[in-house]
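Given the sequences, and given the hints that come with them, work out the whole structure.
Chains as they are written, first to last, in the UniProt record's numbering: chain A, 1 to 376; chain B, 1 to 299.
Heads up, some of the hints might be wrong.
What the hints assert, rightly or not - Partial selection, computed: residues in chain A whose CB lies under 7 Å from chain B:
1) Leu63
2) Ala67
3) Leu69
Stated by the list, open to error - Pair by pair, the computed Cβ-Cβ distance ranges are:
4) B/Leu293 x A/Ser149: 16 to 24 Å
5) B/Leu286 x A/Glu226: 26 to 34 Å
6) A/Gly290 x B/Arg114: 35 to 43 Å
Read the hints as simulated data drawn from the structure, not as lab findings.
Even glycine gets a Cβ: it sits at the ideal position worked out from N, Cα and C.
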Amino acid sequence: MNGSINASASMGGATIGAARVDLDSVKKWYGPVLAVRGVSLSIEPGEMVCFLGPSGCGKTTTLRMIAGLETPDEGEIRIGGEAVNRLPPWKRNVGMVFQNYALFPHMTVAENIAFGLNMRGTSGSEVRAKVEAAMAQVRLADYGDRRPSQLSGGQRQRIALARAIVTRPNVLLLDEPLAALDKKLREQMQVEIKQLQRAVGITTVFVTHDQEEALTLADRIVVMEEGRIVQIGAPSDVYERPKSRFVSDFIGYTNAVSGKVEAITAGRARVSTASGHAFEVPAGEGISAGDRVDLVIRPEKVVVDPANTDGLMVLDGTLVHTVYTGAVTYSHVDIGAGDVLIAMSPNAHGEAATAPGGRLRIGLRPDTMLMFPSRG
Amino acid sequence: MSTPAGAPTRALDGLPPRRIDYGRLFSLLMLLAPAALLLAVGLLWPFLTMLRMSFLDRYPDPSALTLEYYTLVLGDPYFLRIIGRTFSLALVVTVITAVLAYPVAWFLARSRSRYKHLVFLAVISPLMVSIIVRSIGWTIVLGNEGLINALLHGLGLIDGPLQLMQSFWSVVLGMVHILIPFMVLSIASVLGKIDPSYAEAAYVMGANPVRTFLKVTLPLSVQGIASGSVIVFCLTIGAYVTPVMLGRGKVLVMAMGIFEQMVVTVDWPTGAAVAMVLTMGTMLVLIAYGLFLRRYSRR
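In structure tokens, the structure reads:
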């Protein structure tokens with residue numbers, strides 16, 4: 001079970017489809033509800049893109065529209081430059097892994113994988129060869145005669161992957177593929193999926209509500225909220241430079257203090273908070289003096305009890321409570337007037353010494369703070 | 001991966017070895033006891049009595065074992081015709097019921113229509129009326145002075161009345177009507193439990209709706225057809241009232257034959273032999289059917 005998917009195994013010669021996928025102002029209504037409100041996006045050939053968002057944000061509906069399982073009410077979807085709006089799913093040549101895998105319980109593993117090939121009229125000997133290659137690729141070569149019910153969750157996941165790529169589809173679609181697995185297996189499968197995707201070079205779209213999964217797997221993350229795309233970018237872009245409070249909250253810890261912009265000079269805003277501090281942060285667009293704002297900072301950018309205070313803004317506070325997670329500890333520090341900042345510190349030298357209620361110094365670079373208009 | 005494929009062991013799968021929990025076993029037996037008692041008194045006892053009766057010379061004065069009554073029944077063209085007719089009736093009714101019920105079951109299981117409840121009510125409505133009333137209802141429709149004949153006569157299409165009753169197919173019609181709710185409900189309950197993502201997975205893999213139905217949905221719903229078929233087959237094979245009412249004595253089935261032997265001619269051993277042939281035949285058919293379905297749904 002450990003080790004990785006055999007990335008060197010070939011899928012049987014011919015190049016696998018690495019098609020471009022374009023979404024052009026795609027909209028979808030469910031009765032009176034506009035579930036997808038005009039999504040436009042271009043996915044490059046061979047790219048791995050992740051739709052990330054809370055449930056009900058339209059990410060799964062968008063994926064299902066690419067598969068052809070839902071029809072867009074407006075807009076156009078193109079796969080490899082060809083408009084597919086009117087093509088039913090069985091004519092689209094896509095591969096899909098469902099959240100519950102949807103492996104046919106009345107067929108063996110080998111029959112499951114052979115299904116798509118048989119539907120395409122592939123000859124018997126070719127089907128056998130391809131099925132064997134696909135099973136070897138997901139390292140389950142000896143499992144062909146088993147029933148899906150005789151497999152573990154991780155094995156089912158791999159068979160579902162093998163079944164999705166054996167027909168060499170133009171696009172691979174993954175709908176919350178790891179949601180049913182436990183944490184450890186999920187992390188292992190993340191690596192395996194990424195390696196498999198690189199090895200076969202297939203354009204891949206996957207949907208998740210798990211930000212860590214998105215950061216680990218995707219070349220680009222598409223963050224969705226209420227049927228709209230709110231940000232598209234590389235994982236580090238989306239994490240370091242979220243465009244809105246929603247994106248920053250959804251990816252990573254919420255860590256914010258609110259304040260008021262006193263003045264903006266030379267591209268820097270001076271923000272005063274209820275706790276009596278004044279932060280000098282990079283000024284954003286659309287914010288002017290007098291505005292109420294939230295200042296957001298990642299916990300790992302807040303240092304507990306800094307030894308070297310060069311360039312740091314040092315704040316004195318009271319430790320409210322700590323969250324020990326093994327590798328790191330999160331310290332919730334009250335910096336006055338109920339404003340709490342969370343600081344993350346690696347447990348390099350064992351547990352932190354300060355007990356809740358004690359005084360604690362924290363340091364941060366105001367440059368790394370992000371400023372968003374207050375949500376009232 | 002050294003275990004032979006298809007033969008996982010409990011230990012390998014990380015499951016604990018099976019242990020017999022005697023306390024649990026006892027409470028299970030206690031739960032089964034009332035039903036088991038009822039079966040023993042109401043079914044097993046009469047069955048064994050009949051079995052004994054059919055093999056004994058001159059019941060109730062048993063002297064020796066004999067196959068006399070079986071050779072009598074199985075050698076008599078009269079009985080053979082009845083047996084053949086009964087089994088074909090059950091087979092035809094089962095097939096027709098399954099074919100007619102499947103689309104309705106599909107609608108009940110999958111539709112989001114607001115008329116779904118009305119359809120459900122229509123499906124189970126025959127169950128709310130007694131068999132005898134329904135059979136008389138068909139008499140009103142099919143009889144010589146019935147609805148259809150009156151209509152055809154009124155339209156000038158026929159001179160004399162058509163003989164719609166007293167035929168094998170009028171009995172089939174009545175039986176299908178009476179038994180179709182069982183088939184619809186059996187199939188619908190299984191169809192409703194099939195995850196729609198199976199069909200979607202088939203579509204995405206290139207199967208059009210017809211092939212998806214034949215390769216995925218139908219095999220997955222076989223259990224529903226199977227349980228519905230068993231109910232319909234068994235109820236048809238033992239049917240008495242409907243063949244009497246709609247066949248008007250012209251369509252003799254085994255239940256009527258047994259009744260005749262036991263009550264009219266008071267020949268209990270022969271009646272018992274016919275009853276045993278009916279029971280054993282039914283069991284054989286059900287076993288063969290079960291084996292066939294098992295093969296099909298595993299493909």
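Comparing the hints with the structure gives:
1. A distance limit of 7 Å between C-beta atoms decides the matter here; for leucine 63 of chain A the minimum to chain B is near 11 Å, and the interface restraint is violated.
2. Interface restraint check for alanine 67 of chain A: the shortest CB-CB distance to chain B comes to about 6 Å, inside 7 Å, so the restraint holds.
3. Interface restraint check: leucine 69 of chain A against chain B, minimum CB-CB distance 5 Å, threshold 7 Å, status holds.
4. Restraint check, leucine 293 of chain B to serine 149 of chain A: a C-beta distance of roughly 18 Å satisfies the suggested window 16 to 24 Å.
5. Roughly 56 Å separates the CB atoms of leucine 286 of chain B and glutamate 226 of chain A, a value that falls outside the hinted 26 to 34 Å.
6. At roughly 55 Å, the beta carbons of glycine 290 of chain A and arginine 114 of chain B sit outside the given window of 35 to 43 Å.
This entry does not satisfy hints 1, 5, 6, going by the numbered hints stated previously.
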